[in-house]
Amino acid sequence: MNYSVIVDVTLRAGIADPEGATIERALPALGFTGISNVRAGKSFRLNVEAASAEEALSQATAIAQRLLSNPVMEDSVARLAGE
Amino acid sequence: MARIGVVVFPGSNCEYDAANAVSDVGATPVFIWHSESSLGEVDGVILPGGFAHGDYLRPGALARFSPVMDAVKNFAAEGGPVLGICNGFQVLTEAGLLPGALQKNRGLTFLCQPTTLVVAATSSVLTRNARLGQHLSVPINHFSGSYTCDDATYEQLVANDQIVLRYLDNPNGSRDDIAGVSNEAGNVVGLMPHPERAMSTLLGSADGRVLLGGFVGLSADALA
Numbered sequence: 099m100n101y102s103v104i105v106d107v108t109l110r111a112g113i114a115d116p117e118g119a120t121i122e123r124a125l126p127a128l129g130f131t132g133i134s135n136v137r138a139g140k141s142f143r144l145n146v147e148a149a150s151a152e153e154a155l156s157q158a159t160a161i162a163q164r165l166l167s168n169p170v171m172e173d174s175v176a177r178l179a180g181e
Numbered sequence: 564m565a566r567i568g569v570v571v572f573p574g575s576n577c578e579y580d581a582a583n584a585v586s587d588v589g590a591t592p593v594f595i596w597h598s599e600s601s602l603g604e605v606d607g608v609i610l611p612g613g614f615a616h617g618d619y620l621r622p623g624a625l626a627r628f629s630p631v632m633d634a635v636k637n638f639a640a641e642g643g644p645v646l647g648i649c650n651g652f653q654v655l656t657e658a659g660l661l662p663g664a665l666q667k668n669r670g671l672t673f674l675c676q677p678t679t680l681v682v683a684a685t686s687s688v689l690t691r692n693a694r695l696g697q698h699l700s701v702p703i704n705h706f707s708g709s710y711t712c713d714d715a716t717y718e719q720l721v722a723n724d725q726i727v728l729r730y731l732d733n734p735n736g737s738r739d740d741i742a743g744v745s746n747e748a749g750n751v752v753g754l755m756p757h758p759e760r761a762m763s764t765l766l767g768s769a770d771g772r773v774l775l776g777g778f779v780g781l782s783a784d785a786l787a
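First to last, the sequence lines map onto chains A and B. The opening position of the first sequence corresponds to residue 99 in this note's numbering, with each subsequent residue numbered one higher. The opening position of the second sequence corresponds to residue 564 in this note's numbering, with each subsequent residue numbered one higher.
Calculated directly from the structure, the hints in this document are not laboratory data. Think of the CB as a built atom: it goes at the ideal place given N, C-alpha and C, for glycine as much as any other residue. Wrong hints could be hidden among the right ones.
[As the list claims (entries may be wrong)] Just some of the chain A residues that point at chain B, by a computed CB distance under 10 Å:
no.: 1; residue: A114
no.: 2; residue: A151
no.: 3; residue: S167
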């Protein structure tokens with residue numbers, strides 16, 4: 099089976115996120131109030147050939163931890179597209 | 564005369580500055596292309612600044628897979644002096660040769676300016692000719708230079724004297740003003756500022772000579 103997997107990478111809690119903070123500060127100028135905790139991150143989409151959804155996710159998780167994110171400062175989560 | 568390897572990745576752009584600076588302090592620079600699997604006969608290795616592999620994904624993230632990095636790791640494990648400058652520092656952290664990581668500058672601005680560094684440890688191969696507390700004027704030129712690490716790593720850095728250089732006026736939000744760190748043994752050092760661009764008073768500062776002279780193994784007297 100071919101599974102479409104999305105990997106989200108965000109800065110770990112406690113790591114300063116100047117990009118998210120700058121976006122958050124810009125929102126009131128557009129009339130959006132009450133928005134907080136804006137965090138910037140990256141999203142990767144990959145197709146994984148695997149026997150099961152679990153296997154596809156475990157492969158994508160390994161890729162996320164070893165390459166797509168830097169575990170010193172980033173968290174990563176792999177999920178099936180559409181879920 | 565010491566032979567110093569200067570690793571060239573696709574996207575490196577400070578390799579000639581580094582090589583000139585190495586010559587300036589009396590050593591012989593040797594360029595090493597990133598696809599080489601051996602460093603050859605060298606007494607030290609510099610990973611220069613630039614944008615290795617386009618800085619795609621994260622600065623240094625892809626450079627750590629260049630074949631030459633296995634040779635750099637082995638050289639470092641045997642106690643060989645390894646220096647990462649700017650992008651080279653980012654490569655060394657991504658490769659796991661140095662603790663911590665470099666994230667985007669506080670304020671999200673690219674910084675290109677002189678900075679004053681304070682020597683915080685003199686046991687490393689980069690600072691062995693410097694004095695504790697000595698001020699050095701060395702420029703920075705980076706977007707992702709804000710040093711970060713978790714609390715456990717930070718406590719280790721302090722306990723082992725691995726914080727090598729601090730900024731006098733923190734320009735980028737680095738934890739504890741950290742500008743450069745070493746590994747536990749002190750033979751692998753990374754810093755965001757560019758000592759190879761501080762080699763002549765005519766061009767603003769010659770303080771980089773203290774650092775690079777020490778790195779190539781000059782005695783402190785030789786530069787005086």
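Here is how each hint holds up against the structure:
Checking A114 (chain A) against chain B: minimum C-beta separation of about 6 Å stays under 10 Å; hint holds. Hint status for A151 (chain A): violated, given a least beta-carbon distance of 26 Å to chain B, over 10 Å. At a threshold of 10 Å, the smallest CB-CB gap from S167 (chain A) to chain B is about 9 Å, leaving the interface hint in force.
In the structure shown, a violation is registered for the earlier hint numbered 2 alone.
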